[in-house]
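All chains, please: the whole structure from these sequences, using the hints.
For the sequence shown, this note's numbering gives the first residue as 1, with consecutive numbering after it.
Hint data in this document are derived by calculation from the structure and do not stem from the laboratory. One thing to keep in mind: the hints can contain errors.
As the list claims (entries may be wrong) - Restricting the straight-line Cα-Cα distance to at most 25 angstroms, the calculated cross-link-like pairs of lysine to any residue (SDA-like) are: (1) K24 / E75; (2) K24 / S93; (3) K80 / S33; (4) K64 / N5; (5) K80 / K64; (6) K64 / F32; (7) K12 / Q22; (8) K80 / L66; (9) K12 / P52; (10) K64 / N88; (11) K64 / P52; (12) K12 / S61; (13) K12 / L97; (14) K24 / L98; (15) K12 / L66; (16) K64 / S33; (17) K24 / E10; (18) K80 / L97; (19) K12 / R79; (20) K24 / P81; (21) K64 / S93; (22) K24 / Y76; (23) K80 / L25.
Said to hold, decoys possible - Cβ-Cβ distance ranges computed for the label pairs, FRET-style: (24) Q54 / G90: 19 to 27 angstroms; (25) L70 / T26: 29 to 37 angstroms; (26) Q31 / I86: 34 to 42 angstroms; (27) E10 / K64: 15 to 23 angstroms; (28) G90 / N68: 47 to 55 angstroms; (29) T26 / R95: 41 to 49 angstroms; (30) R85 / T18: 18 to 26 angstroms.
The C-beta atom is built at its ideal place from N, Cα and C for all residues, glycine as well.
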Amino acid sequence: VYSSNTLNAEMKYNILQTASIQTKLTYTQIQFSPVGNASSTVGYTMLDGLVPGQNILWNLSLSKRLSNNLEISVEYEGRKPADTRIINVGRASLRALL
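Structure, rendered in structure tokens:
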């Protein structure tokens, strides 16, 4: 038996035409009681890396155009799966627009 209830909130703010800030918050309640184990490969894939119980995910990204053909992006992701520790991930990228 698998059931999932999700609540999403998302916001994007554009600063003129040179930058944007985007944030997303997701709350997911998962009930999972398969024949197998939730930490198995199949269970992990079905749950999208989350665990049974209350899961919270958040994301913050900033994109800024530095010049006509150069853009920088910074992104932070966090997740709090049920009774486990908080997982933090950060990324940065620089793109050339041709």
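For the pair we were handed, K80 and L97, check the Cα-Cα distance against 25 angstroms. violated (35 angstroms)
Agreement of K64 and S93 with the hint, judged by alpha carbon distance not exceeding 25 angstroms: With a Cα-Cα distance of about 11 angstroms, the restraint between K64 and S93 holds, given a limit of 25 angstroms.
With 15 to 23 angstroms as the target window, see if E10 and K64 comply at their CB atoms. holds (20 angstroms)
Is it true that R85 and T18 lie within 18 to 26 angstroms of each other by Cβ? Violated: the Cβ-Cβ distance is about 37 angstroms, outside 18 to 26 angstroms.
Taking 34 to 42 angstroms as the stated bounds, is the beta-carbon spacing between Q31 and I86 within them? Since the Cβ atoms of Q31 and I86 sit about 22 angstroms apart, the hinted range of 34 to 42 angstroms is violated.
Between the alpha carbons of K24 and L98, is the straight-line distance 25 angstroms or under? Violated: K24 and L98 sit about 29 angstroms apart, past 25 angstroms.
For the pair supplied as a hint, K80 and S33, is the alpha-carbon distance within the 25 angstroms limit? With Cα atoms ~20 angstroms apart, K80 and S33 stay inside 25 angstroms; holds.
Between the alpha carbons of K24 and S93, is the straight-line distance 25 angstroms or under? holds (19 angstroms)
Next pair to validate is K64 with P52; report whether the Cα-Cα distance is within 25 angstroms. violated (37 angstroms)
What's the verdict on K12 and R79, does the C-alpha distance respect the 25 angstroms limit or exceed it? holds (20 angstroms)
Does 41 to 49 angstroms hold as the CB distance between T26 and R95, or does it fail? Violated, at about 26 angstroms.
Is the hinted pair K64 and S33 satisfied, with a Cα-Cα distance of at most 25 angstroms? Violated - the C-alpha atoms of S33 and K64 are around 44 angstroms apart, more than 25 angstroms.
Violated hints, listed in ascending order, are 4, 5, 6, 8, 9, 11, 14, 16, 18, 26, 28, 29 and 30; each of the other numbered hints is respected by the structure.
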